[in-house]
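A.B. asks: The chain contents come next:
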Amino acid sequence: NAGVTQTPKFQVLKTGQSMTLQCAQDMNHNSMYWYRQDPGMGLRLIYYSASEGTTDKGEVPNGYNVSRLNKREFSLRLESAAPSQTSVYFCASSERGAQRGQYFGPGTRLTVT
Amino acid sequence: GENVEQHPSTLSVQEGDSAVIKCTYSDSASNYFPWYKQELGKRPQLIIDIRSNVGEKKDQRIAVTLNKTAKHFSLHITETQPEDSAVYFCAANFGNEKLTFGTGTRLTIIP
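Residue numbers (our numbering), protein chains in the order written: chain A, 2 to 114; chain B, -7 to 103.
No incorrect hints appear here.
Here are the simulated DSBU-like pairs of lysine-lysine, each with C-alpha atoms no more than 35 Å apart in a straight line:
#, chain 1, residue 1, chain 2, residue 2
1, A, Lys72, B, Lys49
2, A, Lys58, B, Lys49
3, A, Lys58, B, Lys14
4, B, Lys90, A, Lys15
Computed from the model, here is a short list of chain B residues facing chain A with C-beta under 8 Å:
#, residue
5, Asn23
6, Pro26
7, Asp41
8, Phe81
9, Lys90
To be clear, the hints were calculated from the coordinates, so they are not data collected in a lab. From the three backbone atoms N, C-alpha and C, an ideal C-beta is built for every residue, glycine too.
I would like the entire structure built from these sequences, with the hints used as guidance.
C.D. replies: As structure tokens, this is what we get:
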């Protein structure tokens, strides 16, 4: 089992460019999440998907869109990147339910210049 | 609102001593409290969790305690080793599919 995988590992964008971060899990989890991690601010939830076909906003959704392509895949899109979106992005997945641990992918380090 | 506060933000302990990290949460409906360890440049990894029907849980050198009345929970690491050096995050759910994370504690073990 690969667990949670993310592509790319690193990306540099210019302000205004767009890109999609890809995430896939092979643990048959129903729920998937996108977080950003900035120094001193912990992990902040961008969007999540409790099941295939549903998505919901988290704490910091502005500037992002998501697609739950199928049960395995959950992508994050930046339509017009801004320097404030420079961060490390983590995808995570969990079994359905309120008392379930989340398992993280290796992260994507994004720099917007 | 959904809030988790974590203290201290940095902690240095001598190898072999114990380390304690504390978190408080805002919503009395929270019933799941995981702890994550993140080594430099790596992903957060779940190391232990506790549910609200339990007051304490141990796994070898790590333990978590929960005080629902006071709305706080703590991570205890005994007999610390150099490989325990990392950033530790607490989290709490708020009755739904989401977790809210604390801001992290950088633990340094001094040889």
